[in-house]
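Residue strings, one per chain:
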Amino acid sequence: MLELRKEYFADERDDNLNEIGKGTQRQDMLGHVTGASTYFNDHKLQGMLHLKVLRSAHSHARIRRIDLSEAERSPGVRRIIRGQDVPRNLNTLLSLINFGVDDEPTLAVDKVRYKGEPIVAVVADSHREAFEAIAKIRVDYEPLPTVFDVEDALKAGAPVVNETYPRNTFTYHERYDHQKLRFGDVERGFAEADHVIEHRYQMSPIEHAPTETNGSIAAPDTNGRYVVYTSTQALFFSLDTCAKILDVPSNTLHFIGGTVGGGFGGKVDTLTEPLAILGAMLTGKPVRYIFGREEEMQYGPPRGAERIYLKDGVRRDGRIVARKVRAYFDSGAYTRLSSYAVVKCAAHLPGPYTIPNVYGDIYCVFTNRTPATAMRGFGVTAMDFAIECQMDRLAELVGLDPMEFRILNAYRDGDMKAHRREAKNTALVECVQVAAEKAKWPIREEFRRMSSRQGVAAPAPRREQAPAPRPTYERAPGYEPAGRNEPPPPPAPAPAPAHGATRFSSVFGTRRR
Amino acid sequence: MMIPLQFHHNGRSVALFVGGGANLLVVLRDMLGDMTPKFGCGQGGCGACTVLIDGEAHLSCLTLAASVEGRAVDTLDSLKDGPRLHPLQQAFMDRFAAQCGYCTPGMLMAAKALLDRNPNPSRVEVVEAISGNICRCTGYEAIIDAVLDAAQRPRARA
Chain W
23 MLELRKEYFA DERDDNLNEI GKGTQRQDML GHVTGASTYF NDHKLQGMLH
73 LKVLRSAHSH ARIRRIDLSE AERSPGVRRI IRGQDVPRNL NTLLSLINFG
123 VDDEPTLAVD KVRYKGEPIV AVVADSHREA FEAIAKIRVD YEPLPTVFDV
173 EDALKAGAPV VNETYPRNTF TYHERYDHQK LRFGDVERGF AEADHVIEHR
223 YQMSPIEHAP TETNGSIAAP DTNGRYVVYT STQALFFSLD TCAKILDVPS
273 NTLHFIGGTV GGGFGGKVDT LTEPLAILGA MLTGKPVRYI FGREEEMQYG
323 PPRGAERIYL KDGVRRDGRI VARKVRAYFD SGAYTRLSSY AVVKCAAHLP
373 GPYTIPNVYG DIYCVFTNRT PATAMRGFGV TAMDFAIECQ MDRLAELVGL
423 DPMEFRILNA YRDGDMKAHR REAKNTALVE CVQVAAEKAK WPIREEFRRM
473 SSRQGVAAPA PRREQAPAPR PTYERAPGYE PAGRNEPPPP PAPAPAPAHG
523 ATRFSSVFGT RRR
Chain E
569 MMIPLQFHHN GRSVALFVGG GANLLVVLRD MLGDMTPKFG CGQGGCGACT
619 VLIDGEAHLS CLTLAASVEG RAVDTLDSLK DGPRLHPLQQ AFMDRFAAQC
669 GYCTPGMLMA AKALLDRNPN PSRVEVVEAI SGNICRCTGY EAIIDAVLDA
719 AQRPRARA
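Just so you know, the sequences run in chain order W and E.
Taking my numbering, I'd label the letters of the first sequence as residues 23 to 535.
Taking my numbering, I'd label the letters of the second sequence as residues 569 to 726.
Here chain W stands alone, though its shape is the one from the complex (with noise of 0.2 Å):
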């Protein structure tokens, strides 16, 4: 394979890949500055319609009664869609990859979980036609009890939000109400500890706001198919997920996309594409369905918030013994993405640091909110700030500086991790490194020699080996993981400057080819 790109588009790309340091133009920068960057919004096309959802004025509610008599006679008015006219009107995202059951419709037909949950669709000649419609709606609630708060969803007697998932909890293999994570025995790490410290942290949703509302245009095109512009930033996951919605071959679809104003993980959900496709398919026209500001803001789906409770063991000398962590993921009312960023958070656990004796249960809620979804990081970034609060503290305990403190306690490679994987290429003790001399943040002159390679030195094959037997992390013999109990003695000097950027450099070298 790379001897036929030598050989055949040799002039095509030099193979020297240095590019850091060096400035490289953004390909679509001159279309930024001109304005010819061409957003889904920016398509005119010919005899445009306009599609408006109504939404749900209740948290929780059962749908007894939709009286569409006034709106269908009122002015503009091409079509009004339900959920029995979607195709398939049941979905989850990530069952594009089998992961999860339907759990969301498109247009709710019985019962709305969250506020703001679309109910019927207005097609019109004008977006105040499909708004003045809209108002002319009657649906008929009956309220049911909610529940907003993780904890209390899981309750016994909580109202259960989402029947397909009875208990509150996402089912992990169709069996598990949350990801768990055990190894070693925390409860002997805890009575070993000199110091147990316990706290709760509690993150808000965030609004990903971007200055692009989430929208898309779809038109018929040639051939039976249809051409959707669209804002989503996953447009082929966004055009199978349409595909499956409309039961439709793919092939019937081209999705144009790819210049997004603003994203963040906000774009990823397919919030508008099938029903703007449903409406070219019912009307025979090109259909716009874009969020206004307050629909982006109040109903685009924010980034999930977390609580988390976190419990560590730590010894006088510094050695974290033990880590507990009971997390709790609010998913809203439906799954979308957040069964995932549980699994995100519970393969992060217990964070950057080798701690013999790790305990983690992690759930995925679901409550009468905004469903939420992806935002930089999602499942790892939360638990990241509760992790490195809790470190700050744990530092201050023992009397360590927190940057001491962290490298003391940062993986080495070769350590064995609570995934039992083992780990390589770690570098964060470099990393550490490099920030506190950045940061002018003075380090002791021993920690400041520290390495995440253990024995670097002599660099011990490891690999190649016979293997050498490790010692079984898994059972928790004691707090010894690889010769790491007392404050290791300077390891031979390693390659001079022993801190900064050559040090951190080297590390990343040796790795590539």
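Please keep in mind that the hints were generated in silico from the structure rather than gathered at the bench.
Beta carbons: idealized from backbone N, C-alpha and C, even for Gly.
It is possible that some hints are incorrect.
To be verified - Distance ranges between label pairs, derived from CB positions:
| hint | chain 1 | residue 1 | chain 2 | residue 2 | range |
| --- | --- | --- | --- | --- | --- |
| 1 | W | Asn38 | E | Pro687 | 39 to 49 Å |
| 2 | W | Lys44 | E | Gln720 | 49 to 59 Å |
| 3 | E | Arg721 | W | Gly43 | 34 to 44 Å |
| 4 | E | Gly587 | W | Asp414 | 25 to 35 Å |
Claimed, not checked - Covered stretches of chain E (chain W as the covering partner; in silico rule of three or more C-beta atoms under 8 Å from a C-beta of chain W):
| hint | region |
| --- | --- |
| 5 | 604-614 |
| 6 | 621-633 |
| 7 | 681-695 |
Chain E: place on chain W using the hints.
Below, chain E alone, put in the same frame as chain W:
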């Protein structure tokens, strides 16, 4: 109710009938096909729709179209001089002052209004001038640097 409206759009005289309550952003985008001003909020909160009216920065989404009768409306589409970029555009390129690009048209017009009335602004004055323009990804520092940089470059003829 439709009303007649005449104004100068990027130096060109235009005449059309618009809805009595139509805002300038809708007229520019949907009727004149000038897609450079962007819709971000429709509430005057984000600045993506900023245009110049008689040289002053205005939010087109909050401007009643009828109020620009006889006046000069300039959008980002007018900033280039033929194929040549305005110093502000060049400085934005050189300083990495755009990422998703959605706030850029408004930023550039707000900055142009500033430099036209104050060719040598202080950093504080630049911050003040773009304070109504929300950027969610680039970060303001690069944008402020670009405006200050543009002020030092040889002036294109307006």
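Structure-based check of all given hints:
1. W/Asn38 - E/Pro687: 39 to 49 Å: holds, 43 Å
2. W/Lys44 - E/Gln720: 49 to 59 Å: Since the Cβ atoms of W/Lys44 and E/Gln720 sit about 24 Å apart, the hinted range of 49 to 59 Å is violated.
3. E/Arg721 - W/Gly43: 34 to 44 Å: violated, 25 Å
4. E/Gly587 - W/Asp414: 25 to 35 Å: violated, 58 Å
5. 604-614: With 9 residues close enough to chain W, the hint holds.
6. 621-633: With 0 residues in contact (Cβ-Cβ under 8 Å with chain W), the coverage given for the region 621-633 of chain E is violated.
7. 681-695: Since 0 is below three, the answer is violated.
Checked against the numbered hints listed earlier, the structure breaks hints 2, 3, 4, 6 and 7; every other hint is satisfied.
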